[in-house]
Amino acid sequence: MPVQCSSCGERRAMLKRPKTGHSLCKECFFWAFEEEVHQTIVAAQLFKPGETVGIGASGGKDSTVLAHVMKVLNERYNYGLKLILISVDEGITGYRDDSLETVKRNQQQYDLPLKIVSYEELYGWTMDAIVKQVGLKNNCTFCGVFRRQALDRGALMLKVDKICTGHNADDVAETVLMNVLRGDIARLRRCTAISTASEGEGVVPRCKPLKYAYEKEIVLYAYFKKLDYFSTECIYSPNAYRGYARTFLKDLESVRPSTIMDIIHSGENLSVREGVKMPVQGTCSRCGYISSQALCKSCVLLEGLNRGLPKLGIGKHHRLHDKILTKQPLTEAEERKLRKSVDF
Amino acid sequence: MCQVDEDYNGQLDRDEVLSFSKKCVKCKEATAVLVIRAGDMFCSGCFKEYFVHKFRAMLGKNRIIFPGERVLLAVSGGPSSCSMLNQVQEGLSQNAHKKLRFIPGIVYIDEGGALGLSVEERQRTVDELQSMFKATGFPYHILPLEEVFDLPSSVLEESSPSSEQPDITYKAAVDHFIQTNRNCYLSPEKQADLTGLNIQESHTHSLQQIFGSIKTLTAKEDLLQTLRQHLLVHTARSKGYSKLMLGDNCTRLAVKLLASISLGRGAQLAIDTGFSDLRYGDIITVRPMRDYSAKEVSFYNHMYNVPSVFIPTLDTKTTDKASVLRLTESFVTKLQAHFPSTVSTIYRTSEKLQTIQPSPSSSTAHNWDKCLLCMCALDTNVVEKASAFQATLISELLSQRRASRPVDTASPTLRPEFQGPESTAAGGVGCERAACGGGCCSSVKAPESTELKSLLCYSCQLTIKDMSSADLLPQYILSEAQRRKRRSQMREEIREFLLDEDY
Amino acid sequence: MAAPIALRLQFGGGAELLFDGVKEHQVTLPSQSEPWDMKQLLVWIQRNLLKERPELFVQGDSVRPGILVLINDADWELMGELEYQLQDQDNVVFISTLHGG
Chain V
1 MPVQCSSCGE
11 RRAMLKRPKT
21 GHSLCKECFF
31 WAFEEEVHQT
41 IVAAQLFKPG
51 ETVGIGASGG
61 KDSTVLAHVM
71 KVLNERYNYG
81 LKLILISVDE
91 GITGYRDDSL
101 ETVKRNQQQY
111 DLPLKIVSYE
121 ELYGWTMDAI
131 VKQVGLKNNC
141 TFCGVFRRQA
151 LDRGALMLKV
161 DKICTGHNAD
171 DVAETVLMNV
181 LRGDIARLRR
191 CTAISTASEG
201 EGVVPRCKPL
211 KYAYEKEIVL
221 YAYFKKLDYF
231 STECIYSPNA
241 YRGYARTFLK
251 DLESVRPSTI
261 MDIIHSGENL
271 SVREGVKMPV
281 QGTCSRCGYI
291 SSQALCKSCV
301 LLEGLNRGLP
311 KLGIGKHHRL
321 HDKILTKQPL
331 TEAEERKLRK
341 SVDF
Chain U
345 MCQVDEDYNG
355 QLDRDEVLSF
365 SKKCVKCKEA
375 TAVLVIRAGD
385 MFCSGCFKEY
395 FVHKFRAMLG
405 KNRIIFPGER
415 VLLAVSGGPS
425 SCSMLNQVQE
435 GLSQNAHKKL
445 RFIPGIVYID
455 EGGALGLSVE
465 ERQRTVDELQ
475 SMFKATGFPY
485 HILPLEEVFD
495 LPSSVLEESS
505 PSSEQPDITY
515 KAAVDHFIQT
525 NRNCYLSPEK
535 QADLTGLNIQ
545 ESHTHSLQQI
555 FGSIKTLTAK
565 EDLLQTLRQH
575 LLVHTARSKG
585 YSKLMLGDNC
595 TRLAVKLLAS
605 ISLGRGAQLA
615 IDTGFSDLRY
625 GDIITVRPMR
635 DYSAKEVSFY
645 NHMYNVPSVF
655 IPTLDTKTTD
665 KASVLRLTES
675 FVTKLQAHFP
685 STVSTIYRTS
695 EKLQTIQPSP
705 SSSTAHNWDK
715 CLLCMCALDT
725 NVVEKASAFQ
735 ATLISELLSQ
745 RRASRPVDTA
755 SPTLRPEFQG
765 PESTAAGGVG
775 CERAACGGGC
785 CSSVKAPEST
795 ELKSLLCYSC
805 QLTIKDMSSA
815 DLLPQYILSE
825 AQRRKRRSQM
835 REEIREFLLD
845 EDY
Chain G
848 MAAPIALRLQ
858 FGGGAELLFD
868 GVKEHQVTLP
878 SQSEPWDMKQ
888 LLVWIQRNLL
898 KERPELFVQG
908 DSVRPGILVL
918 INDADWELMG
928 ELEYQLQDQD
938 NVVFISTLHG
948 G
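Residue numbers (the working numbering), protein chains in the order written: chain V, 1 to 344; chain U, 345 to 847; chain G, 848 to 948.
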């Protein structure tokens, strides 16, 4: 027997909401989903009228739904925002080419301007080339560090005031779990923030309008709305440890569907004991990007690639930062240590 | 979405193959018999020394248990609490080095009624434990969980710390103790002559009714834990103990910490897993076993013949996905097998956390600011408009019959304003209504459960939500709820006559 | 005896990768003494369609957590999940939420 929509009481329910256990029909679901994102935007005061907002667009489900909903809400509620899609081209043949095609179609479907920034253009290296040098073991470190900066650089070129990303409730909950498992108290404290304040030159404030939206609902929203999105695993395998956390989260969700929100609630209410050491945020003395060291991770990784010593940016080699800054050559012993193929 | 935004490499210790020097790392002579932590191999003699030292060092370092104080050891029959009992016994014995100086007693709570065990099964377990307890010479109290039905509602009130030890320092107390007790052997009071469990059948029935009304094992485990805790605190109070010792080991606490996060208990993590727990005021809970891993405990128990009793629990013989706690336990165990530092890393996280304390002005007298069940500070009266708690309330509101919603939210034409907080509130009606503490959006539900909700923390709300009727809860909880509701109503009424907001 | 039933099975969100990248399958389940339910369908899919790494699709007797199931475009959680009795011409969709973003 069909279940009735708990909201309109008329139409047949098409999904069960994991957050609350209610059953909704398509129309009421669309309305509730969009309204909730709107309420999040209003309650957290994410934007101001007249701002230019960059939407980090990868072509995947989250950013496609984000772009769609931002466009809908901006018009429905007269946010007065100028929206721009920003995509990063990591230079991964067969993965990013295809997803960028999706983003280009999205650009036309939503009639939003699109800016693509590529690793090659910014750093002189594509991910394909990086993988050739470092192999498949630490490539995700390069990709992650470079992407974060690439989005910022793209945003600066376009003079946007804010960037919003498609991180959803599952992503945030997973990050909370990850940081507990790693004992990373500094990130544990930061990771549930819905937006980051401007952290200095070269860093654009970021926010996550989908922070309280379940992945399940995002996928169903995209499916029912027939949104055009791209879904393929990155060909350069993902972080294994994160995989454990993700599986655990999905299992938890199947035991108690509200768990994802419950974890975020936990994260939002943790407080750290006084006297626990926190890293001090400074800026990179080479590129001006935020960094807790003299050189930001991105510059160190790049230096390593360019010198043919990829291990430089992996692990802790802070002692060598002064040498890099002053462009001094490394000693033979130092080089030997770093040249060995990265392997752990 | 690709999750490699942050760099997580290089800090995870993979399981490494150990080198094959099989000598004890401490004495470097005897052959090692076990490995604790990555790489540390101990012979049995050095392991014993290390194990015993750790227990006394833990109590010595924290200086919470005063000499001559009466301490109630909660023994569940499991390896960890039995090991704790054994350490206390050894530590109090005449020839102990760094002798312990408190007066112990034992409490065991038999949960068989909640599990649906027969009286015979329960009695068998109790007999076994009783002979173990008798052998210690310590006084002991064996109580069925059914006794929660006789608890007074005052157990849910926080009592102020006892005035007997006003501000004397630990050092002074030790000196005083040594002077007055130098030559007298601390003899524990006489053992009560208990014959067996005294169970009221009607209470067993009520207990089973409560647990039968809970839809999920997650919530059952949670409520069982809560009731057990109330009974422990009450027993300590009524039998004249001022400290309660729990046997949670490091592995257990790591699982508990991760499970607590998943259950929405982030605000209470520090108090739930720390060495000392001050939530009950006069009775302080301590966890002296928190530095031992489950492996250390079971090795020690095995090598030195520490007895323990297998006691079935709610999740005995269930699958991995039976409850949040069960799932977390199996997750941590598996991860620990691949990454041996998992447990210690999670455990270290717990040491860096602190409890959000209610502001000093509202410390002791204001019981209504504490959760009715777990007695931690409420984490539901949040000021922040954008939070997981608010987002869930909004979702509930938006998923209900539009007719029962406030009129404004039903129309999708509300105009948000971005400028100031005032206009934001005016724009987001649903949001503002929801911010009143969770009462309004549930106005269509049964009044009792709604009323209880406002007295509970986020996590205990989840537990009660899985219960078909909160009215089945033991009377002491319901009467205390009534009392708190009356008081807050009174406050509301008084507030109307007060012009000053800072009443 | 229940008559054979024809179904349309769709795989998306990356789940199609486990089925040689084929997103849509028209299948006919043979007649059997009892009516077909979702639980049996999952077993049938494993035996007849799944090309690789079954652990990424099924876990225990259900789908792996993180894979959404829609029966005639409705969430299977509303339809009785594994107990749902399949009808001729039903449309069953499996969407992975586990990658891409």
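Hint data in this document are derived by calculation from the structure and do not stem from the laboratory.
From a predicted model like this one, the values you see are computed outputs, not experimental measurements.
Treat the hints loosely; a few may be bogus.
Stated by the list, open to error - Only pairs whose alpha carbons sit at most 25 Å apart, straight line, appear in this in silico SDA-like list of lysine to any residue:
1) Lys26(V) / Leu929(G)
2) Lys82(V) / Leu227(V)
3) Lys729(U) / Glu34(V)
4) Lys696(U) / Lys82(V)
5) Lys809(U) / Lys696(U)
6) Lys559(U) / Leu929(G)
7) Lys729(U) / Lys809(U)
8) Lys665(U) / Ala850(G)
9) Lys661(U) / Arg900(G)
Hint-by-hint comparison with the structure:
1. Lys26(V) / Leu929(G): holds (23 Å)
2. Lys82(V) / Leu227(V): Since the Cα atoms of Lys82(V) and Leu227(V) sit roughly 22 Å apart, the hinted pair holds (cutoff 25 Å).
3. Lys729(U) / Glu34(V): With a Cα-Cα distance of about 18 Å, the restraint between Lys729(U) and Glu34(V) holds, given a limit of 25 Å.
4. Lys696(U) / Lys82(V): violated (43 Å)
5. Lys809(U) / Lys696(U): Given pair Lys809(U), Lys696(U) is violated - Cα atoms ~31 Å apart, limit 25 Å.
6. Lys559(U) / Leu929(G): holds (20 Å)
7. Lys729(U) / Lys809(U): Judged against 25 Å, a Cα distance of about 23 Å means the pair holds.
8. Lys665(U) / Ala850(G): Not OK: Lys665(U) and Ala850(G) at ~36 Å, beyond 25 Å, violated.
9. Lys661(U) / Arg900(G): violated (29 Å)
Violated hints, listed in ascending order, are 4, 5, 8, 9; each of the other numbered hints is respected by the structure.
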